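Undergrad: So the chains spell out like this:
There are 2 protein chains.
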Amino acid sequence: MNKLNLTHHISQKFNEELENIRNHVLTMGGLVEQQISDALRALTESDSELGRSIEQQDYKVNQMEVAIDEECSRILARRQPAASDLRLILAIIKTITDLERIGDEAEKIGRFAARLAEMERAGDRYVALQHLGGHAQGMVHDALDAFARMDAEAAVHVAREDARVDDEYEALTRQSITFMMEDPRTIRQVLDVMWSARALERIGDHAKNICEYVVYLVQGKDVRHAGFEVMEREVHERP
Amino acid sequence: MNKLNLTHHISQKFNEELENIRNHVLTMGGLVEQQISDALRALTESDSELGRSIEQQDYKVNQMEVAIDEECSRILARRQPAASDLRLILAIIKTITDLERIGDEAEKIGRFAARLAEMERAGDRYVALQHLGGHAQGMVHDALDAFARMDAEAAVHVAREDARVDDEYEALTRQSITFMMEDPRTIRQVLDVMWSARALERIGDHAKNICEYVVYLVQGKDVRHAGFEVMEREVHERP
Chain A
1 MNKLNLTHHI SQKFNEELEN IRNHVLTMGG LVEQQISDAL RALTESDSEL
51 GRSIEQQDYK VNQMEVAIDE ECSRILARRQ PAASDLRLIL AIIKTITDLE
101 RIGDEAEKIG RFAARLAEME RAGDRYVALQ HLGGHAQGMV HDALDAFARM
151 DAEAAVHVAR EDARVDDEYE ALTRQSITFM MEDPRTIRQV LDVMWSARAL
201 ERIGDHAKNI CEYVVYLVQG KDVRHAGFEV MEREVHERP
Chain B
1 MNKLNLTHHI SQKFNEELEN IRNHVLTMGG LVEQQISDAL RALTESDSEL
51 GRSIEQQDYK VNQMEVAIDE ECSRILARRQ PAASDLRLIL AIIKTITDLE
101 RIGDEAEKIG RFAARLAEME RAGDRYVALQ HLGGHAQGMV HDALDAFARM
151 DAEAAVHVAR EDARVDDEYE ALTRQSITFM MEDPRTIRQV LDVMWSARAL
201 ERIGDHAKNI CEYVVYLVQG KDVRHAGFEV MEREVHERP
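So the protein lines, in turn, are chains A and B.
Reading the first sequence from the start, the letters are residues 1 to 239 in the working numbering.
Reading the second sequence from the start, the letters are residues 1 to 239 in the working numbering.
A couple of the hints might just be wrong.
Since the list gives no way to pick out one identical chain from another, each pair is judged satisfied if it fits inside one copy or across any two copies.
Once the Cα atoms are required to be at most 20 Å apart in a straight line, the calculated SDA-like pairs of lysine to any residue come out as [to be verified]:
| hint | residue 1 | residue 2 |
| --- | --- | --- |
| 1 | K60 | F179 |
| 2 | K108 | H225 |
| 3 | K221 | Q63 |
| 4 | K94 | Q63 |
| 5 | K108 | G227 |
| 6 | K108 | A163 |
| 7 | K3 | T186 |
| 8 | K60 | E16 |
The hints are simulated quantities; they were obtained by calculation from the structure and are not laboratory data.
The model shown is predicted, which means the values in this text are computed figures rather than measured ones.
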């Protein structure tokens, strides 16, 4: 088993606090997933209003980040958690930073989508972008799912997807450069597509970070910068 | 006074632990500053070997991030710090994440510099890039200085610089688009200049984040997402 069951504490209040804070992270994650989904829809449907509206939603995500951070500080100061409880709080502190930055990237995509909606459409490039977008969005969803279930094996599986997102991003970039060279009049437009692709690639990176925190939380071992072999060994060798 | 003097604890050992961990953050900061400086030199001197060498240095920064994170966990578990000690540990946990990502951006610039060194040189674009680079590098240096002195007023001052870095980045991007449209043969080269500029702009963002943690550490108040007015009010109204 590579899942973590939260220790039950004698203090019922403490159990509730930990449960609440996990739920708040998932609520924040839901908001961020909605931002990505709106950003991708703004791109697909050339909806400049929807694209710009994402920015206005961002304050909610920011507020949640600050509120959850404060909850974590309070729990650290009052409950003085140890072992897996401490790891949970530390993993949450890091996770919400990445969630907030995913929101920032979605906001950027929204702005590019709004600008692209006002230009003439070049259909084929959007297909690659949508594909990349679906992939990055899936990673965020699955990373949050691994966090919710505290499932290290699922987390490693999701983290591995990042290499595919990176490959798709590279292919899209190469293709975009060719388009620009063939028809320099499209430069501005293609750049906005490239910037959007870049933001999606970064969203994949942040989802991967979240997965690494889940492995740390469950296994008690920091696997960042360690490569997948180490990550998988950690997940499989431990009880 | 907007500086924080660390409380002296009855435990001499605890004083030492906090002092050590701060020094480790500053050592990590020094490594990252060196990475930025190497990346900028690789650009200026068209030194592809130097550009590629930054990647090989990155493992040191990564190792330091993991080691400092572990020190923080240990202190949280054993010392159960409260008030400003707890804020120091939390600020450090966040600061090292940003430092590590600054290192990643420097590594990227190194790769672009190596690629650019193999192309024909377009002198004038590099001047703007060097200017932006000097500015971003200065922000990182000053942010670490504000952290070392725990000086919230200096931190707000540095954070304000980010808007100037953003403006320079925007100007460079606009200029680059014009260059590409005028001479599509330069597209690949100009893109590498633009990606480098983008990385420098992100380095400025990370330096700003570090400044916000310094304000939080000194003032006990989370000023992220709050804007400069709130930040400055916090710094000036408190004792």
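Undergrad: Is it within, between, both or neither when you check K108 against A163 at 20 Å Cα-Cα?
TA: between (22 Å within a copy, 17 Å between copies)
Undergrad: Check K108 against H225 for me: Cα-Cα at most 20 Å, and say if that holds within a copy, between copies, both or neither.
TA: between (27 Å within a copy, 16 Å between copies)
Undergrad: Within a copy, between copies, both or neither: which one fits K60 and F179 at a CA-CA cutoff of 20 Å?
TA: Answer is neither: 38 Å inside a copy and 40 Å across each miss the 20 Å cutoff.
Undergrad: Checking an output row: K108 and G227, CA cutoff 20 Å. Within, between, both or neither?
TA: between (30 Å within a copy, 19 Å between copies)
Undergrad: Have a look at K3 and T186 and pick one of within, between, both or neither, based on CA distance no larger than 20 Å.
TA: neither (50 Å within a copy, 52 Å between copies)
Undergrad: One pair to classify: K60 and E16, alpha carbons no more than 20 Å apart. Within, between, both, or neither?
TA: neither (24 Å within a copy, 40 Å between copies)
Undergrad: Classify it for me, K221 with Q63: is the Cα-Cα distance of at most 20 Å met within a copy, between copies, both or neither?
TA: between (30 Å within a copy, 14 Å between copies)
Undergrad: When no copy is specified for K94 and Q63, does a C-alpha distance of 20 Å or less occur within a copy, between copies, both, or neither?
TA: both (16 Å within a copy, 18 Å between copies)
Hints 1, 7 and 8, counting from the list given before, are not met by this structure.
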